[in-house]
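Enquirer: Build the full structure now, drawing on both the sequences and the hints.
Following the numbering used here, the numbering of the sequence shown begins with 42 at its first residue and continues without gaps.
These aren't lab readings, by the way, just hints derived from the structure by calculation.
Careful, some of the hints might be misleading.
[To be verified] Pairs of lysine-lysine residues, derived as DSS-like cross-links and limited to a Cα-Cα distance of at most 25 Å, are as follows:
| no. | residue 1 | residue 2 |
| --- | --- | --- |
| 1 | K284 | K297 |
| 2 | K97 | K296 |
| 3 | K221 | K297 |
| 4 | K262 | K159 |
| 5 | K57 | K94 |
| 6 | K454 | K441 |
| 7 | K259 | K221 |
| 8 | K447 | K475 |
| 9 | K645 | K569 |
| 10 | K647 | K568 |
| 11 | K259 | K207 |
| 12 | K441 | K475 |
| 13 | K221 | K170 |
| 14 | K71 | K369 |
| 15 | K170 | K284 |
| 16 | K94 | K56 |
| 17 | K535 | K562 |
| 18 | K569 | K535 |
| 19 | K645 | K562 |
| 20 | K535 | K645 |
| 21 | K94 | K284 |
| 22 | K647 | K535 |
| 23 | K535 | K568 |
| 24 | K190 | K57 |
| 25 | K296 | K57 |
| 26 | K159 | K207 |
| 27 | K190 | K159 |
| 28 | K284 | K221 |
| 29 | K185 | K57 |
| 30 | K195 | K262 |
| 31 | K535 | K600 |
| 32 | K195 | K254 |
| 33 | K568 | K645 |
| 34 | K71 | K94 |
| 35 | K262 | K221 |
| 36 | K645 | K660 |
[What the hints assert, rightly or not] Label pairs and their in silico Cβ distance ranges:
| no. | residue 1 | residue 2 | range |
| --- | --- | --- | --- |
| 37 | G59 | E93 | 17 to 23 Å |
| 38 | P88 | T233 | 17 to 23 Å |
| 39 | R561 | K441 | 39 to 45 Å |
| 40 | E198 | D394 | 55 to 61 Å |
Bear in mind the structure is a predicted one, so any value in this text is a computation, not a measurement.
Every residue gets a Cβ at the ideal spot worked out from N, C-alpha and C, and that includes glycine.
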Amino acid sequence: MNAQEIRKAYLEFCKKNGHEVIERASLILKDDPTTLFTGSGMQPLLPYLLGEKHPKGVRLTDSQTCLRAQDIDDVGDNRHTTFFEMLGNWSLGDYFKEQQIRQFFGFLTDVVGLDPSKIYVSCFIGNEKYNIPRDDESAEIWRKVFAEKGIDAKIVELDTAENGDKLGLQGGRIFFYNDKENWWSRGGGVETTPIGDPCGPDSEVFYDFGEDKQYFEKYGKSHPASDGARFMEIGNQVFMQYKRNQDGTFSELTKKNIDFGAGLERIAAAAMDSFDVFETSLLKPIIVKLEAISGLSYADHTEEMRVIADHLRGAYLLSAQGLIPSNKQQGYALRRLIRRAVMKATNLGIDQDFLAQIVPIIAENYQDLSDEILTNRADALNVLIREEQAFRRSIHRGLKELHKLKDQGLTGKELFMLQDTYGFPLELSLEEAKQNQINLSENWQAEFQASLNEQRERSQTASKGMFKGGLEDHGEASVKYHTATHLLLAALQKIVNPNIAQAGSNITSERLRFDFNLDRKLTDEEKKQIEDQVNQWIEEDYPVSFAEYDKAYARDVLKAHGSFWEKYGDVVKVYTIGAAENPVSRELCGGPHVEHTGVLGHFKIKKEESSAAGIRRIKAILD
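Expert: Structure representation (structure tokens):
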């Protein structure tokens, strides 16, 4: 069975067992200060596990798309991905351990067809301090279901993963570990379980890929909780049977819950008896296409191709749910996924734009996800292509600047400038320096960190990324809108008429209003072109800088745009967007502005109308 078939079979299996299929939650969370994305199948169900009644009853199931941006640096091994799909089922005060264990074991062995002799499990060893007994109930159920398959399941106590590395399997199949491995609460272990919260032991299920996959030198002896590649966790059953009391003790709940989650890609890997999740049907087609584009093999360039496949899959799903790359929060995570993928593609010698060849493959793999989830699937490809193209331009600009500096070597301050001003990642700078034998200063790391810390100090709280002074309202939104008027004017001059000038503006925290000279209304096509051009400049994340000049020099030599020269003294401030030699905009202005266009968001014209004779007015928003 491939991954898509397993997903379908699981939901049908759960329906036959009385579960209602619930809709997938969006990947992109709103108004949640603790996390940016849905990171587990349980996350959307938490209110119901804590006591709320679910409208679809007490037996639920789904297949939830998840993304954990915090795992981005782990991608490259055989099992970690930022994006994954979690098969889940829940019992809200209905059935408990016996039915759950039998149900999942039956699905794995009778439906997916896994060899039961390759399945191993773990249970909670208990905690004497808090009078929580060993979970012998779960262990005994597991022993019986294995026996029904003709397997004598020996029980072994390991307590800690470290002990397991030293002692190994010892002929066991059911392993007891402490709360670091086999306890669930919102606070983590037993000791840190929040007062009043439900909690309980869990039972993890592992698939054995064979002793030859164990790296003894690095990880020690084989056991399920080892970090070695032999065992892969494919599912986890949380038994919410306790509550922490006000005095810190634990008591059994009258109404107990089941929270179960299994990784779709991991079960699919087990079904293939392949310890590499990137060989499964949701990821392998991407790998095959990368091999074709690059002319290189997956076997020789495993890490790069894994990162590209994982990151682009996550980027497509986020874009298809309406997320736009930016320099803040969720948008920044999306931008980072795309740029890391492009960087790895560059390492493979893929210099041309390649997302247009990869993304349709991903879209086809997830075509059965509903339009309610993938609300922007039709626009996702264009969003990703624009970001790729913008980043490639950043790479080229960064390379150009880097080679200007190479003769005297590179300091940490210069490396930071390349990243901060030109969007050229530190990783690429270091790689380019190594390949071209460019010297780095002795203390480049400390210098880079000092520059980074300095920037962070300038970018505190809500004013992050803002210059000081100039507007009556110095709020983040108003400053963004003020900067956007510069891009709007530049777009009007480029698309409509180079002689267009500002005739007035009004900025609030909710919109911009911009007046300009024109004796006709804009066409719909022109408005669309203006929007697209402004958004392209935003996505290209150009630096915004200023300098003071003699007024005559700024006006006559620099050719800075300005409509109210008479209001300024002999020395004026000129703001430049983009590279100094070929700027997007160079305009007389008192400020303040953002430091990079990438923080602006998405520009949209809401209205274009007459303001006075020969004067038009645009009202626009950033979302």
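Enquirer: So if I understand the rule, the pair passes when the alpha-carbon distance is 25 Å or less; does K262 with K221 pass?
Expert: holds, 19 Å
Enquirer: Given the proposed pairing of K569 with K535, does the C-alpha separation stay at or below 25 Å?
Expert: holds, 13 Å
Enquirer: With a cut-off of 25 Å on the C-alpha distance, tell me whether K159 and K207 pass.
Expert: holds, 22 Å
Enquirer: Is the hinted pair K190 and K159 satisfied, with a Cα-Cα distance of at most 25 Å?
Expert: holds, 12 Å
Enquirer: For the pair supplied as a hint, K535 and K562, is the alpha-carbon distance within the 25 Å limit?
Expert: Judged against 25 Å, a Cα distance of about 16 Å means the pair holds.
Enquirer: Holds or violated: K94 and K56, Cα atoms, limit 25 Å.
Expert: At roughly 20 Å apart (the allowed maximum being 25 Å), K56 and K94 satisfy the hint.
Enquirer: Compare the distance between the alpha carbons of K259 and K207 with 25 Å, and conclude whether the hinted pair is satisfied.
Expert: Distance ~12 Å between K259 and K207 Cα, so the pair holds.
Enquirer: Just to be careful, I want the Cα atoms of K57 and K94 compared with a cutoff of 25 Å; is the pair within it?
Expert: holds, 22 Å
Enquirer: Check whether the Cα positions of K535 and K645 lie no farther apart than 25 Å.
Expert: holds, 18 Å
Enquirer: Do the alpha carbons of K190 and K57 lie within 25 Å of each other, as the hint requires?
Expert: Distance ~22 Å between K190 and K57 Cα, so the pair holds.
Enquirer: Is it true that the CA of K71 sits at most 25 Å from the CA of K369?
Expert: holds, 14 Å
Enquirer: Checking one constraint from the list: CA of K447 to CA of K475, max 25 Å. Satisfied?
Expert: holds, 11 Å
Violated hints are absent here; each numbered hint is respected by the structure.
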